[in-house]
Structures are given as structure tokens and as C-alpha cells.
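*Asks:* Taken in sequence, the protein lines are chains A and B.
Mapping to the working numbering: the first sequence position 190 is 1027, numbers consecutive.
Mapping to the working numbering: the second sequence position 108 is 143, numbers consecutive.
Since the hints were derived computationally from the structure, they do not count as laboratory data.
Using N, Cα and C, we set each Cβ at its ideal position, and we do this for glycine too.
Wrong hints could be hidden among the right ones.
Claimed, not checked - BS3-like cross-link-like pairs, simulated, lysine-lysine; straight-line CA separation at most 30 Å: (1) A:K991 <-> B:K221; (2) B:K161 <-> A:K991; (3) A:K975 <-> B:K221; (4) B:K227 <-> A:K975.
Claimed, not checked - Chain B stretches covered by chain A per the calculated footprint, using a threshold of three residues with CB under 8 Å from any CB of chain A: (5) 50-58; (6) 75-84; (7) 91-97; (8) 137-149; (9) 184-196; (10) 211-219.
Chain by chain, the residues:
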Amino acid sequence: MNPGMKLLLVMLIALEISFTQSLVVNCILIAVSLVYILTQHVSMKALFGIIFWPLFPAVGLFVSQWLYGSAGIHFAWILFTRIYGYVFLGATFTLTSSITDLSLTLEQDFHLPSKFAYGVLAAFNLMPKIVEEVQIIKTSALMRGEALHFWSPKLYFKSILSSIQWSQNLAEAMTSHGFVEDYPRTHYKVIRITALDWILFVVLFIIVQVLLFFIRY
Amino acid sequence: MDNKSQATGGKKQSQWTLRNIILIALIAIFTGIIFWGAGFLYTGLTVVLTPIGMAPFANDLLMGLWCMAGPLTGFIIRTFGSAFLGEFLGASVEVFLGGQWGAGAFISGLVQGIASELGFTFTGYKRYDWVGLNASIFTTVVVTFAWDMIRNGYDKFSLPLLLGLFVTRYISTFIFAGVLTKMIVKLLDRSKAINL
Chain A
838 MNPGMKLLLV MLIALEISFT QSLVVNCILI AVSLVYILTQ HVSMKALFGI
888 IFWPLFPAVG LFVSQWLYGS AGIHFAWILF TRIYGYVFLG ATFTLTSSIT
938 DLSLTLEQDF HLPSKFAYGV LAAFNLMPKI VEEVQIIKTS ALMRGEALHF
988 WSPKLYFKSI LSSIQWSQNL AEAMTSHGFV EDYPRTHYKV IRITALDWIL
1038 FVVLFIIVQV LLFFIRY
Chain B
36 MDNKSQATGG KKQSQWTLRN IILIALIAIF TGIIFWGAGF LYTGLTVVLT
86 PIGMAPFAND LLMGLWCMAG PLTGFIIRTF GSAFLGEFLG ASVEVFLGGQ
136 WGAGAFISGL VQGIASELGF TFTGYKRYDW VGLNASIFTT VVVTFAWDMI
186 RNGYDKFSLP LLLGLFVTRY ISTFIFAGVL TKMIVKLLDR SKAINL
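Bound conformation, chain A alone (with noise of 0.2 Å):
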């Protein structure tokens, strides 16, 4: 499927459950989410992560809910499978599609302008140098016998200084590999909306509806 119309259909289905309370629902969705998951052959280590990490707000909402909440056991277990449900359904999209695709339907099919789509997608790929960048600062800064923790302004400025030259030799780049701004592209790879993706994303939500309907326990 598209990757823009997937991730607008999680975000759908994810806002829709936010606000109705139907526990039969939200155990369908993380059901079907897994079974397409595990059709789309991904690593076990992440699916292991997303099965254990939101265990514990899972389980602390559940607890805190259940001797403190008005509303019951019955809505504890609605805000537990919740918090899967999230998870899951963002699963088949994170674990599934390529951030550069989404970039690329994002400016081929949604219109969002292209210095948007190109400027952000090209920070993403800086993630592995960011990663390396923090721990760089860290460890600089530890050199002169500082230790710079999350509540630090010094590393957060750093951080600062750091992507404001990046973002100028990136912009330079680009514009020098023959980007302009705000001018009509043509495109390497075409990533079009099929009738398949239409009819997809239409049927799977009215089905969420249906469900949502007559589902209310």
C-alpha cells in the first residue's frame, strides 16, 4: 500500500480509538496488525521490542487506573489494549515502509512542497551522524572534566551550533546538485496512488466503523 495513505489510515484508526471505548475492538485491531506484521517478514528483535517495551506503561496505566480510576477494570483493559493498539498499528507502518517513500508520496501525491519533503528527508538521513554527534559532544565535553547530562543548556546549544552549520552545508549541497526551491520537479521514482490503494484505505475504515458500531463492550 502507499505509504502516505498507510500512515494516514494509522493515524485515522489511532485518533478513532483514542476516543471510543470498545476493549472486543481494540483486541482486533492489535490481532489483525500482528498477522500483517508477521506477513511482512520482520526481525524478531523487533518484534520482541514492540510486544515488550510498552508493557510497562501498559501495565501502569492498568494498575493506576484500576485502584484509582471511577470507571473500573473494564476501561483499565481498554486504556492496556490502547496503548498496544497504538503501537501495533503504527508497527505496520514503521517496520513496513521506507521513510524515503513517504518523502517521495508525500511530495508526488500530497502536494507538501518539495524543500519540506527534500529538507526534512535529508536531517532524517542525518540520524546515524546525530546519534554520533551527541555522544561526540558528550565526550568532549567529559575531556575537560564536565559531564553534560539531558538537563544540560551547554549540550543543548552545542547540538544547536552543530545543525546550524549542517543545515547550511545541506542546503548548499542541495542547491548545488541542482535543487531549487519551490520550482516544479521531475521525478527519478514515481510513487503514484493506485485504485487499489483508494479502495484499500476506504474498505479497511468503513470496516473500523462497522466494528466501532456495533462493538461497544
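Put chain B on the given structure of chain A with help from the hints.
*Replies:* Relative to chain A, chain B alone:
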């Protein structure tokens, strides 16, 4: 991401240049990665607080940290939408790094982005001082709290607990999105690295 209106907004010299867009994204990713490193804090706090049913406090204690990217980018690129974009992208980083929220982080990012943007909107994008920052803190706390009333079922809690959570969130946001942001902006201002 509906940045279309933001890009075309502003008759005079638009701040939305390629360089500024990349700058906002980079700052958002940097802060996202720094918080991600502090993710163990959230998990640890949750584990400690869960047995007494106070796990939501972990969320509210750290809320300010998660809402820092918005005011920060809003202060650096002073135009409509920059706080929103920064906050939203900051939250998206977590999705791609494999945070524990999944699609929830996208939606939280949307809500937090709108929340911190509103503060700057209310001051007409003119007050880039303590007043503007406090307006952004206020809208961030109120909007995100309202959202948690729905999403995390806070509305089912008793009033004292609710007040406790609200105050905790306010203090956290004030410290991280307020005081810390102010200190960072001051450093930037003194360094003359960027024209604020």
C-alpha cells in the same frame, strides 16, 4: 504533515527557506535523540510507580522534556508553524528510533506541536521573551493535559489526583520547556551564532 499553508503564509520574506526547514528538523532530531537517551528514566520511574498505581506521574514528570523541541525551534525560527514542525518532528524521531509509543507518538507529536504553537500564536509571534515563552508553556500544559484526559483516561481519576498530575506537569514543563529553553536561547544569543 500539513505544512502547505505555513509555507505560503507570510507576504514578506518568508522564513521557510530550505535551510531553515533543515535547521528545524535537525534541532528536533537532536533533542529527540537526547530525550531518547533519557528513555530509561521513564521506564525506571514507571516500574517504581506502578505498584502504587502512580505510573501516570512518570508521564507528567517528564512531559516538559518531551515538549522542549517546540518552544526551542519556535524561538530560533520566529515564524508561524516552526514550533509545531519542531515538536512534531521531535516526536516522530522516537517512532523511527523504536520508542514505546508507536503511532501514539505521531499523535502526541501533533497534539504537543499544536499546543506549543498556540502560545506563540496568542502572542502574535511578537513576544520572544519570558511572556511569549510562558504563554507557550501554558498552552502546552493545558492542551496536552486535556488530551491525556481522553487518551489516558485521566478523566476517571478523582480531583485531588488530577490536580496533583496537573501541577506536576506544569512544574515539569516550566523547568524544561521554560527555564532550560531560556538558558539555551541565552547561550545562543551571547554566542551570536544566529540572529535571534
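*Asks:* Please go over all the hints and tell whether each is borne out by the structure.
*Replies:* We went through each hint and held it up to the structure:
1. A:K991 <-> B:K221: Within the cut-off at roughly 11 Å; holds.
2. B:K161 <-> A:K991: holds, 26 Å
3. A:K975 <-> B:K221: Cα-Cα ~20 Å, so holds.
4. B:K227 <-> A:K975: holds, 22 Å
5. 50-58: Per the Cβ count (8), the hint holds.
6. 75-84: Result for this restraint: holds, n = 5.
7. 91-97: Holds: 3 residues of the segment 91-97 of chain B have a Cβ under 8 Å from chain A.
8. 137-149: Held - the segment 137-149 of chain B has 6 residues with a Cβ nearer than 8 Å to chain A, which meets the minimum of three.
9. 184-196: Contact hint for the segment 184-196 of chain B vs chain A: holds, 8 residues under 8 Å.
10. 211-219: holds (count 4)
The structure shown violates none of the earlier numbered hints.
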